[in-house]
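Following the hints, put chains E and B in place on chain V, whose structure we already have.
Residues per chain are reported as follows:
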Amino acid sequence: MWLQRQIGLASRPRGFHLVTDEIVEGVREIADLSVGLAHLHILHTSASLTLNENASPDVRRDFESWFAEAVPEDASYWTHTLEGPDDMPAHIKASLLGPSLTIPIGDGRFRLGTWQGIYLCEHRDSGGSRSVVVTVCGE
Amino acid sequence: MWLQRQIGLASRPRGFHLVTDEIVEGVREIADLSVGLAHLHILHTSASLTLNENASPDVRRDFESWFAEAVPEDASYWTHTLEGPDDMPAHIKASLLGPSLTIPIGDGRFRLGTWQGIYLCEHRDSGGSRSVVVTVCGE
Amino acid sequence: MWLQRQIGLASRPRGFHLVTDEIVEGVREIADLSVGLAHLHILHTSASLTLNENASPDVRRDFESWFAEAVPEDASYWTHTLEGPDDMPAHIKASLLGPSLTIPIGDGRFRLGTWQGIYLCEHRDSGGSRSVVVTVCGE
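Residue numbers (numbering that gives the first Met the number 0), protein chains in the order written: chain V, 0 to 138; chain E, 0 to 138; chain B, 0 to 138.
Isolated chain V, as found in the complex:
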């Protein structure tokens, strides 16, 4: 069985946001699969997807703090500055975290760890809505 669908994620401010429920709602058909894989792919170069702790908002805030310091907006070596000071750091952060996630499916659900949630990582100050292509295969 193959399924592919594009899911729109509403615009969010810069930072790290839990979107597990939105993704799960978007591909309810996985309930029919005993085993499979779900591939989530964000169609952008200044936002990314990752899995991390799904409970404490502190963790998501600290993600933003670390990335803001590790990839500074005011670095002297940036040459791609036309689109604003948050743009080039957003490209770097997007590749560090990556544009896609592959999640195992077992017994009709995402087989995530107890504490794993799906993060939308919004690296632009005003990135707008974001689109994710979800591709599922399984049996």
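Hints may contain errors.
[Claimed, not checked] Cβ pair distances, simulated, as ranges:
hint : chain 1 : residue 1 : chain 2 : residue 2 : range
1    : V       : Asp31     : E       : Gly83     : 40 to 48 Å
2    : B       : Leu17     : E       : Tyr76     : 32 to 40 Å
3    : B       : Ala74     : E       : Thr78     : 23 to 31 Å
4    : V       : Thr78     : E       : Thr80     : 32 to 40 Å
5    : V       : Glu72     : E       : Arg108    : 39 to 47 Å
6    : B       : Asp73     : V       : Val23     : 40 to 48 Å
[Said to hold, decoys possible] Selected chain E positions facing chain B (in silico; Cβ < 7 Å):
hint : residue
7    : Ser55
8    : Val58
9    : Gln115
Hint data in this document are derived by calculation from the structure and do not stem from the laboratory. Cβ atoms here follow ideal geometry from the backbone N, Cα and C, with glycine treated the same way.
Showing chains E and B alone in chain V's frame:
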């Protein structure tokens, strides 16, 4: 053909550890596949999986050194500090390296480069045993 | 349908290089698929693959600048120095960006975002030619 299995990895100290043999032993059925993909997914948010140099222990030690410096325990901006100073850096490192690996299967084996080995990246001081869900599809 | 093929990428200087066309040319059979996934896997531990902005060369130059500063060649903690000062940083960068990409296939083509291109990330000063195993499944 689909196969899904959970593999337990024994507790290891903080650092980077070669686990290629343990993973390969856990999914011997791939010997029957002419082509396919194996997806390895760690069910945790403070440990990760990556591929890197499988020969020199120096490389794995230098990974620990770089990550310890790049994501410092004593950064002033951490707010998620309840679980100890190694916890929040572990979450960041886990997402930088990622929770999963997809490995091509060809002629009944993992098609890795000569120097590629599977690393368990243990980012906690005492992370305990770790679980990996391996999902294989192929023909 | 399964397809697996090894694609050779010509030697390039250290830096970030767009290789979308070379990869697409190498797996023309995806034109026959209505839905699927393409997995690209680099067989090396000092080069990597990522997706990022496919238009401005400035972006790719700034990637090199950031990675060169974030993973410095002259760090005092490197112990794996036998293969030259660019080797150990190359291993770290390779794992930060990762050895593989999975790209959704829809309507016979890679479903990439408008601005997404495939980067070969060459982290060695003289890395030589690089090999990528492409595995495609779909229907």
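Taking the hints in turn, this is what the structure says about them:
1. V/Asp31 x E/Gly83: 40 to 48 Å: holds (42 Å)
2. B/Leu17 x E/Tyr76: 32 to 40 Å: holds (35 Å)
3. B/Ala74 x E/Thr78: 23 to 31 Å: At 28 Å between Cβs, range holds.
4. V/Thr78 x E/Thr80: 32 to 40 Å: Holds, at about 37 Å.
5. V/Glu72 x E/Arg108: 39 to 47 Å: holds (46 Å)
6. B/Asp73 x V/Val23: 40 to 48 Å: holds (47 Å)
7. Ser55: holds (6 Å)
8. Val58: At 5 Å from the nearest chain B Cβ, E/Val58 passes the 7 Å test, so the hint holds.
9. Gln115: holds (6 Å)
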